[in-house]
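J.: Single-letter residue listing:
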Amino acid sequence: KQEVTQIPAALSVPEGENLVLNCSFTDSAIYNLQWFRQDPGKGLTSLLLIQSSQREQTSGRLNASLDKSSGRSTLYIAASQPGDSATYLCAAIYNQGGKLIFGQGTELSVKP
Amino acid sequence: GAVVSQHPSWVICKSGTSVKIECRSLDFQATTMFWYRQFPKQSLMLMATSNEGSKATYEQGVEKDKFLINHASLTLSTLTVTSAHPEDSSFYICSASGSADTQYFGPGTRLTVL
Chain A
1 KQEVTQIPAA LSVPEGENLV LNCSFTDSAI YNLQWFRQDP GKGLTSLLLI QSSQREQTSG
61 RLNASLDKSS GRSTLYIAAS QPGDSATYLC AAIYNQGGKL IFGQGTELSV KP
Chain B
113 GAVVSQHPSW VICKSGTSVK IECRSLDFQA TTMFWYRQFP KQSLMLMATS NEGSKATYEQ
173 GVEKDKFLIN HASLTLSTLT VTSAHPEDSS FYICSASGSA DTQYFGPGTR LTVL
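Quick mapping for you: the protein sequence lines, in order, are chains A and B. Position 27, counted from 1, in the first sequence is what the numbering used here calls 27; the numbers after and before it change by one each time, with no gaps. Position 54, counted from 1, in the second sequence is what the numbering used here calls 166; the numbers after and before it change by one each time, with no gaps.
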């Protein structure tokens with residue numbers, strides 16, 4: 001069964017800290033891995049998409065890595081800000097045009 | 113670009129009534145649309161996948177007669193929750209993908225069934 005797990009479920013850090021969110025997937029034969037941000041009561045905003053042939057993607061203060069062999073992806077947030085407070089979801093895609101399999105999310109709180 | 117809208121953003125209805133939620137791709141043609149539901153503090157669970165002009169494919173455990181999906185055009189899909197009950201109260205999110213296979217998500221619809 002294809003499952004995605006995120007650890008930790010919640011994380012609270014002081015402003016300015018660098019942090020890492022973890023995502024693991026049971027089936028390593030993924031097509032893409034995607035990270036999203038969700039604010040309370042809102043939809044999803046795509047942050048980064050890593051194709052299976054890539055090892056990482058960067059956008060501003062965000063860096064996502066992918067290690068297919070170990071079934072893991074990490075989202076690194078540098079110099080965290082209160083505005084980064086949200087739930088971060090990772091999702092695995094196993095074939096082109098296929099469905100997204102989501103992890104449970106990590107609820108991040110960055111305190112000023 | 114790649115904007116997806118949902119309407120309504122929230123709805124409250126009485127038990128036993130039906131509710132229709134619309135999902136529109138505003139600036140691209142969506143060959144495939146996906147419907148998800150999300151309970152509080154939980155992740156998104158795919159309910160069904162719909163391709164324009166054909167019947168939706170439902171995930172295991174999702175009642176197709178209760179959650180009616182219509183994808184009549186390349187820019188519009190609708191989800192109708194029939195005979196809604198309090199346990200159907202949830203956050204419903206759609207996504208749409210075009211030729212690039214990337215899914216773009218709508219802002220979600222909060223359904224509360226009294």
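These are computed hints drawn from the structure, not numbers from a lab. Treat the numbers as computed from the prediction; the structure is a model and nothing was measured. By construction, the Cβ of each residue, glycine as well, lies at the ideal position given by its N, Cα and C atoms. Just so you know, not all the hints are guaranteed correct.
Claimed, not checked - Derived CB-CB ranges, DEER-like:
| hint | chain 1 | residue 1 | chain 2 | residue 2 | range |
| --- | --- | --- | --- | --- | --- |
| 1 | B | 139 | A | 98 | 21 to 27 angstroms |
| 2 | B | 151 | A | 97 | 38 to 44 angstroms |
| 3 | B | 124 | A | 27 | 36 to 42 angstroms |
| 4 | A | 55 | B | 211 | 24 to 30 angstroms |
As the list claims (entries may be wrong) - Below 20 angstroms or equal to it, Euclidean Cα-Cα: the simulated SDA-like pairs (lysine to any residue) are:
| hint | chain 1 | residue 1 | chain 2 | residue 2 |
| --- | --- | --- | --- | --- |
| 5 | A | 42 | B | 224 |
| 6 | B | 132 | B | 117 |
| 7 | A | 68 | A | 111 |
| 8 | B | 153 | A | 62 |
| 9 | B | 132 | B | 176 |
| 10 | B | 176 | B | 188 |
| 11 | B | 153 | B | 224 |
| 12 | B | 126 | B | 194 |
| 13 | A | 42 | B | 194 |
| 14 | A | 42 | B | 115 |
| 15 | B | 153 | B | 194 |
| 16 | A | 42 | B | 114 |
| 17 | A | 42 | A | 110 |
| 18 | A | 111 | A | 16 |
| 19 | B | 153 | A | 7 |
| 20 | A | 42 | B | 157 |
| 21 | A | 111 | A | 84 |
| 22 | A | 42 | B | 124 |
| 23 | A | 42 | B | 134 |
| 24 | A | 42 | B | 176 |
| 25 | B | 153 | A | 86 |
| 26 | B | 167 | A | 50 |
| 27 | A | 111 | A | 62 |
| 28 | A | 42 | B | 120 |
| 29 | B | 153 | A | 97 |
| 30 | A | 42 | B | 155 |
J.: When you check the alpha-carbon spacing of residue 111 of chain A and residue 16 of chain A, does it fall within 20 angstroms?
T.: Given that 20 angstroms is the threshold and the Cα spacing comes to 9 angstroms, the pair holds.
J.: Starting from residue 42 of chain A, check that the Cα of residue 134 of chain B is at most 20 angstroms away, please.
T.: Holds, because 16 angstroms separates the two Cα atoms, which is no more than 20 angstroms.
J.: Run the distance test for residue 42 of chain A versus residue 194 of chain B: straight-line Cα separation, threshold 20 angstroms.
T.: Measuring from Cα to Cα gives roughly 24 angstroms; hence the hint is violated.
J.: Does residue 153 of chain B pair with residue 224 of chain B here, judged by a C-alpha cut-off of 20 angstroms?
T.: holds, 16 angstroms
J.: Keeping to a limit of 20 angstroms between CA atoms, is the pair of residue 132 of chain B and residue 176 of chain B held or broken?
T.: Holds, at about 14 angstroms.
J.: Would you check the hint for residue 153 of chain B and residue 86 of chain A, treating anything up to 20 angstroms between C-alpha atoms as holding?
T.: Holds - the C-alpha atoms of residue 86 of chain A and residue 153 of chain B are around 12 angstroms apart, at most 20 angstroms.
J.: Is residue 111 of chain A within 20 angstroms of residue 62 of chain A, Cα to Cα?
T.: OK: residue 111 of chain A and residue 62 of chain A at ~18 angstroms, within 20 angstroms.
J.: Check the hint pairing residue 42 of chain A with residue 110 of chain A against an upper bound of 20 angstroms on the C-alpha distance.
T.: holds, 19 angstroms
J.: Please work out if residue 42 of chain A and residue 120 of chain B have their alpha carbons no farther apart than 20 angstroms.
T.: With a Cα-Cα distance of about 13 angstroms, the restraint between residue 42 of chain A and residue 120 of chain B holds, given a limit of 20 angstroms.
J.: Hint check: residue 42 of chain A vs residue 155 of chain B, CA-CA at most 20 angstroms. Holds or violated?
T.: holds, 13 angstroms
J.: Using the beta carbons of residue 151 of chain B and residue 97 of chain A, state whether their distance is inside 38 to 44 angstroms or not.
T.: For residue 151 of chain B and residue 97 of chain A the Cβ distance comes to about 26 angstroms; the hint is violated.
J.: Does the Cβ pair residue 139 of chain B, residue 98 of chain A satisfy 21 to 27 angstroms?
T.: holds, 24 angstroms
Hints 2, 7, 8, 13, 15, 24, 26 and 29 from the earlier list are contradicted by this structure; the remaining hints agree with it.
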